[in-house]
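S.K.: Sequence:
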Amino acid sequence: MAAPALRIVVDGDSDKVYRKGDKITGRVFLLVDKEVHIETLKLIFSGNSVTKTTRPSHTSGNTNDGTRRQEFEEKIRLFNREKEFFSNLTLGPKKHSWPFEFRFPQLTEQHFKRLTHGANYLREPHVLPPSFHLKTSVPGGTAQISYFVQAKVVISGSKDTKRCKHVLRYHPRSDIDEPRDANVMSTVLYGQQWKPAKEKNDPKSPTSKALSLRLSNKSPRIVPCFSYTESIAPGQHIPLSICLRNTRDPTNKARRECILDSLHVTISTFSTVMCGHSLTLPEDVVSKHVSCIARTNINQRLPFNEMKRLTSNFRLIDDNECVPTFKTYTITRRYAMNVSIGIKYGSQQFTIRSSTPLEILPRISRDNLPLSSEEIHEVEPLPLYRPREPSKEFAPDYESIYALSPMPSSSTSNSLSLVDSRSSSVYSAGSGSGSGSGHGTAASTPASEIEQPSLECGLMQADWDSGYPM
Numbered sequence: 001m002a003a004p005a006l007r008i009v010v011d012g013d014s015d016k017v018y019r020k021g022d023k024i025t026g027r028v029f030l031l032v033d034k035e036v037h038i039e040t041l042k043l044i045f046s047g048n049s050v051t052k053t054t055r056p057s058h059t060s061g062n063t064n065d066g067t068r069r070q071e072f073e074e075k076i077r078l079f080n081r082e083k084e085f086f087s088n089l090t091l092g093p094k095k096h097s098w099p100f101e102f103r104f105p106q107l108t109e110q111h112f113k114r115l116t117h118g119a120n121y122l123r124e125p126h127v128l129p130p131s132f133h134l135k136t137s138v139p140g141g142t143a144q145i146s147y148f149v150q151a152k153v154v155i156s157g158s159k160d161t162k163r164c165k166h167v168l169r170y171h172p173r174s175d176i177d178e179p180r181d182a183n184v185m186s187t188v189l190y191g192q193q194w195k196p197a198k199e200k201n202d203p204k205s206p207t208s209k210a211l212s213l214r215l216s217n218k219s220p221r222i223v224p225c226f227s228y229t230e231s232i233a234p235g236q237h238i239p240l241s242i243c244l245r246n247t248r249d250p251t252n253k254a255r256r257e258c259i260l261d262s263l264h265v266t267i268s269t270f271s272t273v274m275c276g277h278s279l280t281l282p283e284d285v286v287s288k289h290v291s292c293i294a295r296t297n298i299n300q301r302l303p304f305n306e307m308k309r310l311t312s313n314f315r316l317i318d319d320n321e322c323v324p325t326f327k328t329y330t331i332t333r334r335y336a337m338n339v340s341i342g343i344k345y346g347s348q349q350f351t352i353r354s355s356t357p358l359e360i361l362p363r364i365s366r367d368n369l370p371l372s373s374e375e376i377h378e379v380e381p382l383p384l385y386r387p388r389e390p391s392k393e394f395a396p397d398y399e400s401i402y403a404l405s406p407m408p409s410s411s412t413s414n415s416l417s418l419v420d421s422r423s424s425s426v427y428s429a430g431s432g433s434g435s436g437s438g439h440g441t442a443a444s445t446p447a448s449e450i451e452q453p454s455l456e457c458g459l460m461q462a463d464w465d466s467g468y469p470m
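Residue 209 in the numbering used here sits at position 209 of the sequence shown, and the numbers go up by one each step.
Calculated from the structure, these hints are not laboratory results.
Predicted model only: the values in this text are computed from it and were never measured.
Below, a list of computed lysine-lysine pairs in the BS3-like style, where the Cα atoms sit at most 25 angstroms apart:
{"hint": "1", "residue 1": "K23", "residue 2": "K83"}
{"hint": "2", "residue 1": "K94", "residue 2": "K152"}
{"hint": "3", "residue 1": "K20", "residue 2": "K75"}
{"hint": "4", "residue 1": "K152", "residue 2": "K75"}
{"hint": "5", "residue 1": "K165", "residue 2": "K34"}
{"hint": "6", "residue 1": "K308", "residue 2": "K344"}
Input sequences plus hints: build the corresponding full structure.
M.R.: This is the structure in structure tokens:
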């Protein structure tokens, strides 16, 4: 007897991304071809965090053997919901189905004590992390966060439990309901203040000579002020700005300036994977650095004490790598933004550097994202399609054209043969089956569009009946 076929069908799009509080509905199908006794049929809705890694294993007396590795694995159930459809029931040959309904919780459910796990272990319930999968650089090292519904059926007399799983994609819900720009933070980089050496041809102000002489004798003392954002969502513009303050001329009466020479922006990703217990807690860290902006020879003016925008349309690519920042029991995902700004003052150069943590927020609906400057000034779309009345012109009356054309008597038969070979609807209708030619065809033009034969056409038919050779 073939084992019953078990299947789960979830309502909606198979690629749907679920958010906090979303409902999951569907049906469990069990196809039975022969009467069978079922001990139990249940459905599990759960979220799992699984981490794996390996470490070199040294056996006693053989410390040089680095080929053997010890495996570590830890599984944590983020939450668990179960629904039992029935138990100890006999089913006849039929396709049976049962509906189900679950809802994503807001928080995880597990609690852990400090004595059981290390200090870096997140022990309290927290917001559900997003679906996640990562392979570490360590052999056999992986990290996975998954959500699923799984059906289990136990058949009487069978030792095996039949299972069927349907994986669900989950991402946290954004708290941003209205379109807005990212929050901007400003910091004064006192540790990177710079005093360039006095230039021989130091730029002078077109103001009074006395003021120009007094200010030009002092080289500027430059203190950079950098503006950035600490949190950003995919699709939002990442604003970066710089202001160079000259503490010796706060109002820039001498009208001095620097030159923006280069800009480099790198976003770094750090993923931490832990598994084991407090005594043996192997931890793998995976880092990745992506160069987002690399511009040189920019050659833009930077007047002192004026804020200068460095980016205008700098956005994160919304792909699988752009996972929101999260921290769960054994897996952590965080980001950092590193900025390097090249500045010139006369013939001298110096570099401003900034490294700040960057929190990537959950995705925002496109309807709630502010339009970029490119989208605002994009090409005007084509006008909407408007249907027009169909043309009332018909095909030319070829019979009239041939009849009105001067034809030598020697070529009359050829002309008529040409008309007959084209299977003209008017000619066929006029000749009928009594022409005796055997070449008559059915009309291909609707009767409502056929014009009455003209006088010339009548002459053609009369000449044909008079015995023109075929």
